[in-house]
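Colleague: The primary structure of each chain is shown beneath.
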Amino acid sequence: MAGKNLNLTLKIWRQNGPAAKGQMKEYKVSDISTEMSFLEMLDVLNERLVREGEDPIAFDHDCREGICGMCSLMINGLAHGPSRRTTTCQLHMRSFNDGDTIYIEPWRAKAFPVIKDLVVDRSAFDHIMHAGGYISVNTGNAQDANEMPISTQVADHAMDAAECIGCGACVASCKNASAMLFVSAKVAHLGHLPQGQPERMLRVQRMVRTMDEAGFGNCTNTGACEVQCPKGISIKNIAKMNADYLRASLISEVKG
Amino acid sequence: MAITGLFLVSFLLVHVMGNIQLFYQDGGLAFNNYTKFMTTNPIIKTMEWVLFAGFVVHIIYAMLLTLQNNASRPVKYAYKGKNGGASWASRNMFITGSVMFIFLVVHLVMFWGTYKFGSGEATTIQNAYEQAWKVKDASGLASLDAELAHDIVKHKYIDYESYQEILKLGNPADMKAMGYSMYNLTLDSFRQLWIVILYVLAMVLLAFHLNHGFQSSFRSLGFVHDKYLPLIKGGGQVVTVVFPLLFAAMPVYFYIGSVIGKF
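So the protein sequences, as listed, match chains L and S.
The numbering of the first sequence is the numbering used here, which starts it at 8 and goes up by one.
The numbering of the second sequence is the numbering used here, which starts it at 35 and goes up by one.
A hint or two may mislead.
To be verified - Each computed DSBU-like pair below joins lysine-lysine, with the alpha-carbon atoms no more than 35 Å apart: (1) K243/L - K267/S; (2) K267/S - K114/S; (3) K114/S - K123/L; (4) K261/S - K262/L; (5) K150/S - K35/L; (6) K110/S - K18/L; (7) K18/L - K116/S; (8) K11/L - K116/S; (9) K123/L - K262/L; (10) K70/S - K243/L; (11) K202/S - K188/S; (12) K296/S - K123/L; (13) K110/S - K117/L; (14) K267/S - K182/L; (15) K110/S - K243/L; (16) K261/S - K110/S; (17) K110/S - K238/L; (18) K32/L - K70/S; (19) K262/L - K182/L; (20) K116/S - K243/L; (21) K116/S - K182/L; (22) K70/S - K261/S; (23) K238/L - K116/S.
Derived from the structure by calculation, the hints contain no laboratory data.
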């Protein structure tokens, strides 16, 4: 099926550096194939900007196949754009119409400061992972795969949570810029599995504290994160993490 | 937030159950007796302070959370109008809560404040006893037995023993008194259209507030499981619809009643 070509007006956030003052800037692009991905459309614009001697627009991307979590972009007020369960790199221009005006903005959160243009610093997520998003194991030979039986149901729940790619769409969509969906996915992922049990109480306390220190907002269960998550992480993980956190705060002897 | 919120929901349950007696066709006797119980029972009087603390903590937490949450996104998005699929109720808890706070102040001044601090309206000792009025001033009795009159005002209501004493002194139907019937107070307040509108509006906002707040409280406390999630959601819908509807029915009932001349 042959695609159409689109003429679009883009309103893009331009900001020279972390301390610089940014603004929305308008660009016209023409002859954009509907078969392009959203990032390819930005590539086309950037090539033109380079030719014209203007600074190209900085945006994050890596795998371009929806699994690395690098790409971001708030597109017309929606994280990763209008397609559900899709990252920006997997969003195609067929989701737009000829003559559309598209707003492209970086993730907005105090904990995600803008580095340049559409690129934000998401190292707050790394700090949260360092605080407890792992299991401590002795090194040595790999253990036998069947040594620890795990039922399919449990494995499925763990896998559902583990699908989180850490892109930050939950933070960007949340009216409070809360990171609870991300943190709860990481807590739930290990919390479901036997390997995660020894450090379960410690993990939730440390990760939540690091999250709070990073300046993310509080969860008010509005549910926007779940809707906007490109991997469909369930908001149920948040309630489960709350239960773990309460238990850890009230009865755990281990202090994070 | 969640704990105080659910506590306040439990208060709404008690409040709506008690106030349903307004609909009894008994001239307000049941409601006045209920008011007497609520204003004299030591457990209720203690719970009044707990309830007050519940409101204070809920409101202070709401303000702190709102300030923190606003600060967590210093630069807002240029594109407005998309909310990522979150409901209006869930995004505007602070606004619905704030308007209800204003309503709460008006509501308390109107009833609790008047009943507690007002000077009362004229009645007789007999009527005050029979209709369970709160007695503010028993001047008609004071000339006959100053001590008994003082005692009645101190204990707020005329009990059976005191009334037997009064009967020995003279005809209580001739003795003037000042006091309040909570039922009459309610009746008089809900004759005014602006009050009725304010109440109904506040109850609409309460419905939105509960619609999000009830189930969100359980989530915040970690209660989410496929087994009982439907119960929480269903319970939330019942609370959301039934409580505000019953509360809103009260001013509307009395307003319409006053217009058609029933009261």
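Colleague: Would you mind marking each hint as holding or not holding in the structure?
Modeller: Comparing the hints with the structure gives:
1. Restraint check: the Cα-Cα separation between K243/L and K267/S comes to about 14 Å, which is no more than 35 Å; the hinted pair holds.
2. Between K267/S and K114/S the CA atoms are separated by roughly 30 Å; this keeps the pair inside 35 Å, and the hint holds.
3. Proposed proximity of K114/S and K123/L is supported: the alpha carbons are some 22 Å apart, at most 35 Å.
4. Annotation: proposed proximity of K261/S to K262/L holds, straight-line Cα distance about 31 Å (limit 35 Å).
5. Of the pairs offered as hints, the one joining K150/S and K35/L is violated, with about 69 Å between alpha carbons and a cut-off of 35 Å exceeded.
6. For the proposed pair K110/S and K18/L, the alpha carbon gap of about 15 Å is at most 35 Å, so the pair holds.
7. The straight-line distance between the Cα atoms of K18/L and K116/S is roughly 16 Å, inside the 35 Å bound, and the hint therefore holds.
8. For the hint linking K11/L to K116/S, the alpha-carbon distance of about 27 Å falls within 35 Å, and the restraint holds.
9. Restraint check for K123/L and K262/L: the C-alpha separation of about 39 Å exceeds 35 Å, so the hint is violated.
10. Of the pairs offered as hints, the one joining K70/S and K243/L is violated, with about 46 Å between alpha carbons and a cut-off of 35 Å exceeded.
11. The suggested pairing of K202/S with K188/S holds, with an alpha-carbon distance near 21 Å, which does not exceed 35 Å.
12. Between K296/S and K123/L, the direct Cα distance comes to roughly 71 Å. Violation of the 35 Å bound is thereby established for this hinted pair.
13. As the CA atoms of K110/S and K117/L are separated by approximately 10 Å, the hinted pair is consistent with the 35 Å bound.
14. In summary, the hint linking K267/S to K182/L is supported, as the alpha carbons are separated by about 23 Å, within the 35 Å threshold.
15. Only pairs whose Cα atoms come within 35 Å are accepted, and K110/S paired with K243/L is accepted, the gap being roughly 28 Å.
16. At roughly 39 Å between alpha-carbon atoms, K261/S and K110/S are farther apart than 35 Å, so this suggested pair is violated.
17. Between the alpha carbons of K110/S and K238/L the distance comes to roughly 25 Å, so the proposed pair stays at or under 35 Å and holds.
18. With a C-alpha separation of about 68 Å, the suggested pair K32/L and K70/S falls outside the 35 Å cut-off, and the hint is violated.
19. In summary, the hint linking K262/L to K182/L is supported, as the alpha carbons are separated by about 31 Å, within the 35 Å threshold.
20. Pair hint K116/S plus K243/L holds up; C-alpha atoms about 23 Å apart against a cutoff of 35 Å.
21. Under the criterion of a C-alpha separation no larger than 35 Å, the hint pairing K116/S with K182/L is consistent with the structure, at around 11 Å.
22. Taking the CA atoms of K70/S and K261/S, the gap is near 43 Å; set against the 35 Å cutoff, the hint is violated.
23. The straight-line distance between the Cα atoms of K238/L and K116/S is roughly 20 Å, inside the 35 Å bound, and the hint therefore holds.
The structure fails hints 5, 9, 10, 12, 16, 18 and 22 (numbered hints given earlier, in ascending order).
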